[in-house]
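As they're listed, the protein sequences go chains E and Y. Using full-length UniProt numbering, read the first sequence as starting at 1 and increasing by one per residue. Using full-length UniProt numbering, read the second sequence as starting at 1 and increasing by one per residue.
Derived by calculation from the structure, the hints in this document are not laboratory data. You may find that some hints are simply not true.
Identical copies go unnamed one by one, so any copy, or any two together, can satisfy a pair.
Said to hold, decoys possible - Only pairs whose alpha carbons sit at most 20 Å apart, straight line, appear in this in silico PhoX-like list of lysine-lysine:
(1) 67 / 29
(2) 170 / 11
(3) 99 / 11
(4) 112 / 59
(5) 67 / 182
(6) 162 / 29
(7) 86 / 107
(8) 72 / 182
(9) 183 / 72
(10) 70 / 39
(11) 170 / 72
Quick caveat: nothing in here was measured; it's all calculated off a predicted structure.
There are 2 protein chains.
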Amino acid sequence: MAAGIMLFEQKGFSETSIQDIVDMLGVTKGTFYYYFKSKEELLMDIHLRYIEALLENQKRIIEDSTKTIKEKVFEIVYMLIHNIEKQGRQARIFFREMKHLNEDHLKKIVEKRDLFRYNLQLLIEEGMRNGEFRDDLPPSIATLTVLGAANWSYQWFQPDGKLSDFEVAKHMVSILLEGIEKK
Amino acid sequence: MAAGIMLFEQKGFSETSIQDIVDMLGVTKGTFYYYFKSKEELLMDIHLRYIEALLENQKRIIEDSTKTIKEKVFEIVYMLIHNIEKQGRQARIFFREMKHLNEDHLKKIVEKRDLFRYNLQLLIEEGMRNGEFRDDLPPSIATLTVLGAANWSYQWFQPDGKLSDFEVAKHMVSILLEGIEKK
């Protein structure tokens with residue numbers, strides 16, 4: 001799986017053969033087929049592991065009764081950016097190579113992505129009800145704006161840049177909650 | 001170019017052959033090679049046309065002396081979302097197939113993307129100086145948050161959805177400028 005992630009990210013899914021993967025590991029194709037039915041199944045496993053880890057962490061954050069909704073939104077944004085730092089390759093494969101999944105697998109992954117988005121939307125709606133958030137915005141657009149800002153960081157976030165993932169998340173959530181405008 | 005855009009978006013760049021493109025148009029490969037040296041050159045032309053149109057429109061917005069900085073930020077976000085509505089396929093190819101450009105071409109495109117981002121950052125810095133925007137945020141993070149929210153919409157914006165591109169841009173810019181928090 002690690003060799004697949006490395007090669008899919010560097011060369012692209014289509015340009016990587018099972019031979020490339022086993023060559024990198026010094027094993028035979030038989031070893032590959034012992035674990036995966038096909039290259040597509042390996043891609044599916046990478047996608048599944050990525051989104052399931054995100055969903056599990058999101059659940060833990062949302063269920064924490066000691067935190068405000070605002071704090072939970074911060075935790076989710078921080079998780080996404082931190083995850084991109086830790087798992088940059090998986091993130092890029094997740095967003096870029098999804099079209100190579102077969103129809104059944106794609107459906108499963110899209111359902112889980114939708115669930116992640118929907119969980120965040122429920123949280124934002126809760127904030128609109130309990131008075132933490134404005135209630136004059138469509139919750140779906142608020143959700144997609146938060147997710148877009150955070151997810152886009154896989155395009156630009158540099159773990160060795162001037163700001164840490166924590167500082168980036170802090171400023172980004174300050175913008176999303178308080179706005180860029182001078183009050 | 002239109003056939004290339006359609007096929008690259010549906011099948012992916014690697015899975016599309018020059019034969020597929022000329023078959024779609026009912027012409028010969030000779031016709032293709034009259035206009036493009038290679039499939040990669042066609043991809044470069046698609047990328048170039050996409051980013052140059054964005055840069056040109058951005059320049060027009062920024063140079064309009066009748067608008068405030070906030071209005072210009074709105075215009076830029078609206079342009080990006082509107083462009084995704086109008087040119088969804090190009091947008092998806094732009095973000096997804098960039099890795100298939102050769103080194104020289106990739107360098108040129110990345111320079112133009114960087115320029116688009118930098119122009120927006122200069123605008124935001126101007127807003128911080130003239131008192132329209134908070135000056136306690138790193139301008140680079142403010143820029144990437146705005147761009148991320150808008151660009152991510154190529155993943156989800158549905159031209160036939162409940163909200164028009166104008167309404168989506170209006171709510172998104174309201175979030176970015178004023179924040180989600182209840183005042």
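Hint-by-hint comparison with the structure:
no.: 1; hint: 67 / 29; result: neither (50 Å within a copy, 63 Å between copies)
no.: 2; hint: 170 / 11; result: neither (34 Å within a copy, 39 Å between copies)
no.: 3; hint: 99 / 11; result: both (16 Å within a copy, 8 Å between copies)
no.: 4; hint: 112 / 59; result: within (13 Å within a copy, 40 Å between copies)
no.: 5; hint: 67 / 182; result: between (28 Å within a copy, 17 Å between copies)
no.: 6; hint: 162 / 29; result: neither (43 Å within a copy, 50 Å between copies)
no.: 7; hint: 86 / 107; result: neither (26 Å within a copy, 26 Å between copies)
no.: 8; hint: 72 / 182; result: between (25 Å within a copy, 16 Å between copies)
no.: 9; hint: 183 / 72; result: between (25 Å within a copy, 19 Å between copies)
no.: 10; hint: 70 / 39; result: neither (41 Å within a copy, 48 Å between copies)
no.: 11; hint: 170 / 72; result: within (12 Å within a copy, 26 Å between copies)
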